[in-house]
Amino acid sequence: MKTVIEAEEISRNFGKVKALDNVTFSVNEGEIFGFIGPDGAGKTTLFRIVTTLLLPDSGTMKVLGFDSIKDFRELRKHIGYMPGRFSLYPDLSVEENLNFYATVFGTTVNENYSLIEAIYKHLEPFRKRLARDLSGGMKQKLALSCALIHRPRLLVLDEPTTGVDAVSRVEFWEILQGMKEHNITVLVSTPYMDEAMRCNRVALIQQGQILTIDTPDNIKSGFRGKLFKIKAPGKFKLINAVRDHHNTLSAYPFGDSVHATFFNDTVPEDFVNYLTMKGIENVQITESEAHIEDRFLELMNI
Amino acid sequence: MRTILFLIRKEFLQIFRNRFIGRAIFAIPLIQMLILVPAVTFEIKYVNLCIIDNDRSVESRELIGKLEGSPFFRVKYYTWSEEKANELIYNNKCSAIINIPSGFGKELGAGRPVKILARIDAINAMKGQLTWAYLSGVISSYNENIIAESLPVVQATMVPRISVTGRYWYNEMLNYKYYMLPGILVILVTAIGFMLAGLNLVREKEIGTIEQINVTPVKKSEFIISKMVPFFIIGLADLGFGLILGKIFFNIPFEGSLLLMFLGSAIFLVAVLGLGLFISTFSSTQQQFMFVAFFFIIVFVLMSGIFTPFESMPMWAQKFDLINPVAHLIRFNRMVMLKGSGIADVARELLLLCGIAVIFTTFAVRRYRKTA
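Chains A and B, in that order, give the protein sequences. Counting along the first sequence from 1, when you hit position 82 you're at 82 in this note's numbering, and nothing is skipped either side. Counting along the second sequence from 1, when you hit position 37 you're at 37 in this note's numbering, and nothing is skipped either side.
Hints listed in this document are in silico derivations from the structure and should not be mistaken for laboratory results.
Mimicking SDA-like on lysine to any residue, the simulated pairs with C-alpha atoms at most 25 Å apart in a straight line are:
#1 B/LYS220 - A/ASP67
#2 A/LYS77 - B/ASN214
#3 B/LYS10 - A/ARG151
#4 A/LYS62 - B/PRO217
#5 B/LYS220 - A/ASP57
#6 B/LYS10 - A/ARG85
#7 A/LYS77 - B/ARG9
#8 B/LYS219 - A/LEU53
#9 B/LYS10 - A/HIS78
#10 B/LYS219 - A/GLY84
#11 A/LYS16 - B/SER284
#12 B/LYS220 - A/HIS78
#13 B/LYS220 - A/ARG85
Assemble the whole structure, with the sequences as input and the hints as a guide.
What follows is the structure, given as structure tokens:
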């Protein structure tokens, strides 16, 4: 399998803040590689280095066989980048934006229409509309079309679904899944854990450091303890009570319930009584399979 | 090369899609020409006088008559009270007080020298000086009359005197508009070249599109050129428009070569476009850019010699003006339009403008390379 990105010990500081601290990873051809991490973890900085917009303080980055510092001009012809913030020309129409980016890359919309057809057909009815008047989901589709119009070999997407409705998010991920057919590698970041499951491999990143890189399933099964799902009315009271118990290792809100791990991987014997004493009734406790965020939170707490 | 054409096409599309800017590009020259040219003038039409005539003799009335006869003075107030006169000058009702002492006529009749007192409001120093000059002119001509009257005819004509015949060159009618218009044309071109291109680039930064451009193979120099060319063209178009307006509304003379006129503005435009883009590389918001650009424009315009004679500025200011493109172009325009100067006559201005253009543009491109 060919490697598309090879990053070795990349560091980048902004003043005293270590945005990236010795980051090493590699991405294989044709895969969807996800960076998962909270805001400020360093995802955008990393993507800006991959796309030649920013220089690392140290480390080497090879993208598509090009050195991202020395051969940046050649490399730029083969990367499609979609920044986190919508950054197409708001005062140009859908069609004009697309044509503009095609010509800037020395190609035409017709030449690569097959690649964007699936996405662009949703936009077709609005092609005369100015980009600023599009809805959030439409804007993302236009941005993706523009990022793909020169048939890049690597597509870099910085939080493409942030602020996009649930239906558009699903659609968007289906499109990304289809990129493999066109031999396009996808590098994507997201703060949403459910989207992580749709990647071939993910890297968990926090405070500029990669915690782990693996397939989503492997990351999930890396969860070491036994996880219990506790459900009761009054979640806030519940979570505080669970945390206060001396046998509790961790407890955090998860959807409509609380995920908790305990010392010895068992629920303490008098736990239900303990909660009743605290004024919490109708408690349901079940063992649960770990989700990717459980593993993420576990890794973060190390 | 093809890329630049596409970039430029995009700029024009955006400029004229912006309905406000698209219209302002033509409205601003119109308004500037029609308002500034007639309004900005240092011509002092007349001065209001207040007379305190303590003498009330034939002679004093004759002097007042002379003043009234001058188109420059309007004798608006007569009073016998010093206080009243002071109040009038305080209230800006008059700009000068003439005090004729009692005994003025009697002394004159007796052939003795007399004195009158003139107090002039000199808040506007130039107006004050001018008032004084006109006043002494009127009084000395009155004086000459008295001398002539008191001497025998033969003797009077025999007094040797130099008589001067003056002629005003290049602006025979002393039409102030002719002086201002070439300068206003420069301000016009400055507004387009300096502000719009820089603002346009900062806007791309603000909305993040510059990021998207930077990941494309577009070169920085191509990008800078694509920002300069549209406003270069618009600037020259506005110059042409301004000249036509000047001809229609003010019948401005145009002695020199039209081609030379455009050449000067073209070089000037490169200079201010470069400076504008240079400033834009430092600014991350349009607000920052506006603030800094405003500062430069005010300094350049006020020190350009558009209102005040260049030669009367202090030496250091004249030195500074070596890098002030506005100063060079204003002088250049006045020479070409009013004197009909040829390329050899304005070579100094052209060369200085070229130098400034090269310096500013180089700064802009280099700085842009480093930052983005």
